[in-house]
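Trainee: Residue-level listing of the chains:
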Amino acid sequence: MSKDLILGRSILKRSKQGEIRVSGFTLIEILISLILISLGLFFCTKVFIAGKYLLKESENKSRAMEIASIHMNEYLVKSYNDLFTGLKKDSGTADAKGFFSWEVNVTDSTIKQVTTKDDIPYEQIEVICSYTENNVNGTPAKKSVRLINIVPFPIMHLFTAVSAPASEATCYKPKPKHAPALSGLCSAEPATSYSDLNFIVFDMPFTIKVQSYLIIFYNLSIDMTDHTNVATTDLILSKCFIIDTSTGKPVAACKDGCGGPTGTPILTEPTVSNMIGTQKLPKGAYILRVIWFKDHNAGKILAKNVSAIIFQSENEP
Amino acid sequence: MTLIELIIALIIMSGVILFISFSVVFFMDQVQSNIERSNIYTQLSYTMEDMKMRCVSAIDIGSSFSAGGEEKPELIFKGETDIYNVNPDNPDVNSKSWYKYYLNNGDMVIKTCGPMDSTCSTGSEEVLIDKIYNPTVSFAYNSGESPSLLRVKLTAQSNKVPLGADKEITKEGAIRFWFIDIAK
Chain A
8 MSKDLILGRS
18 ILKRSKQGEI
28 RVSGFTLIEI
38 LISLILISLG
48 LFFCTKVFIA
58 GKYLLKESEN
68 KSRAMEIASI
78 HMNEYLVKSY
88 NDLFTGLKKD
98 SGTADAKGFF
108 SWEVNVTDST
118 IKQVTTKDDI
128 PYEQIEVICS
138 YTENNVNGTP
148 AKKSVRLINI
158 VPFPIMHLFT
168 AVSAPASEAT
178 CYKPKPKHAP
188 ALSGLCSAEP
198 ATSYSDLNFI
208 VFDMPFTIKV
218 QSYLIIFYNL
228 SIDMTDHTNV
238 ATTDLILSKC
248 FIIDTSTGKP
258 VAACKDGCGG
268 PTGTPILTEP
278 TVSNMIGTQK
288 LPKGAYILRV
298 IWFKDHNAGK
308 ILAKNVSAII
318 FQSENEP
Chain B
350 MTLIELIIAL
360 IIMSGVILFI
370 SFSVVFFMDQ
380 VQSNIERSNI
390 YTQLSYTMED
400 MKMRCVSAID
410 IGSSFSAGGE
420 EKPELIFKGE
430 TDIYNVNPDN
440 PDVNSKSWYK
450 YYLNNGDMVI
460 KTCGPMDSTC
470 STGSEEVLID
480 KIYNPTVSFA
490 YNSGESPSLL
500 RVKLTAQSNK
510 VPLGADKEIT
520 KEGAIRFWFI
530 DIAK
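Heads up: the sequence lines are chains A and B, in that order.
Count along the first sequence starting at 1, add 7, and that's the number in this note's numbering.
Count along the second sequence starting at 1, add 349, and that's the number in this note's numbering.
Chain A on its own, in the form it takes in the complex (with noise of 0.2 Å):
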């Protein structure tokens, strides 16, 4: 049977010889329990530490991707003209300490069609949102958030264009074949097509990027400077073409002018209007030209303004 007492940790044990000796904790002991403490303190300060980096990564990641869609919204609610004529490249800082910067770059592209079909246009908006910050480490890293999106070519465009010309209309006399129901009192020389007369009265420069139906809207504003001899049936008359930018001359839907001319008495209407559609385009720059002339010689008159409008659809109208 142990004679041993024992007092919590420590024992008092009884040797052989009848001394009591005393074992607990030493100072070693305490010492190495401090260390083995210590050491798992530690390694929970570094837990923390990096809670506290994965907190701040995690909320930087988060801002900057609030900044990028921010920008990315601001231009997906432009329109697909807006884009392609706007600014290309745009950039600044989200804070006043300029720890977020972004940019945004907006670039022309086309989806490659594999069948007879022209490629289809789109615009791509690339939103970059930049920050630097610590790594674990305490190094500094630039880390960024980016985001592409698109905004489709349209099935339907509008072009618009306003002018104010100073031109004065020329008297012309036209050909019978060009227009039998005109017998105007004009000197001129007819030309052999409307396409050949220099009487220009606006040029809308417009640029279609698939093939395309037109409808074509355009209005002129008369200002008669000179009444001297008018008659109240003198007329004005307008037509306008399709100019093919590379050949520089009408295209073969319009060969002659878009419809026929549009009369208007001088006296009494103020303004010339004109609606024409067009035939399929390909794909390419024209200018929409106005040409005008009035039957009589007499009276002065001026353009006051031009306004077109052309509504351009992929499907037949």
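Since the hints were derived computationally from the structure, they do not count as laboratory data.
A quick note: this is a predicted structure, and the numbers were derived from the prediction, not measured.
For glycine and all other residues, C-beta sits at the position ideal for the given N, C-alpha and C.
Don't take each hint at face value.
Stated by the list, open to error - In the EDC-like style, the derived pairs of lysine to aspartate or glutamate whose C-alpha atoms are separated by at most 16 Å in a straight line are:
#1 520(B) to 73(A)
#2 59(A) to 378(B)
#3 59(A) to 419(B)
#4 502(B) to 73(A)
#5 480(B) to 517(B)
#6 520(B) to 102(A)
Claimed, not checked - Have a look at the derived ranges for each label pair, beta carbon to beta carbon:
#7 515(B) to 146(A): 19 to 29 Å
#8 102(A) to 440(B): 10 to 20 Å
#9 423(B) to 102(A): 24 to 34 Å
#10 239(A) to 464(B): 39 to 49 Å
#11 405(B) to 103(A): 26 to 36 Å
For this one, chain A is given, so just place chain B on it according to the hints.
Mentor: Structure of chain B alone, referenced to chain A:
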């Protein structure tokens, strides 16, 4: 064990116990502050998503913005009652409701009102961000931008701040309106 040894051991153990106690308190505090922060993030994100989903169907605005740019603390608009079924042409009057995002007694709330209540004066409210987080909200239209683009800024403040984090949490977003212009 001598008295000296006992005293040294006591001092060291007291230090260790104190250190462990502070560590535990600190640890718990960090856990709580992270939970609170996570809660704030959730409420901010929920609010922003709620706005994006409701504003898609907006067909009228009761708090329009100046075309020269303006910032407001509230947003009133008319949209679908069922926000998951967007049909602006639906002739049923009750298919639309007026909504109002604003701060009510410190809470960031959305109020849902009847189809004829264009000022959204009476209706049911849902708290989106608790007042304990001291939320703020601003709706802004910036001059020169598309009139259908609204900028939203939400902020909230955490009562307990985790190590190395900021007290204020901000969430910003841009909301696109499909059927109306917000700037007039």
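Trainee: All hints are to be evaluated individually against the structure, with a verdict given for each.
Mentor: So, going through the hints one by one against the coordinates:
no.: 1; hint: 520(B) to 73(A); in the structure: 7 Å, holds
no.: 2; hint: 59(A) to 378(B); in the structure: 13 Å, holds
no.: 3; hint: 59(A) to 419(B); in the structure: 38 Å, violated
no.: 4; hint: 502(B) to 73(A); in the structure: 11 Å, holds
no.: 5; hint: 480(B) to 517(B); in the structure: 14 Å, holds
no.: 6; hint: 520(B) to 102(A); in the structure: 13 Å, holds
no.: 7; hint: 515(B) to 146(A): 19 to 29 Å; in the structure: 22 Å, holds
no.: 8; hint: 102(A) to 440(B): 10 to 20 Å; in the structure: 47 Å, violated
no.: 9; hint: 423(B) to 102(A): 24 to 34 Å; in the structure: 25 Å, holds
no.: 10; hint: 239(A) to 464(B): 39 to 49 Å; in the structure: 58 Å, violated
no.: 11; hint: 405(B) to 103(A): 26 to 36 Å; in the structure: 32 Å, holds
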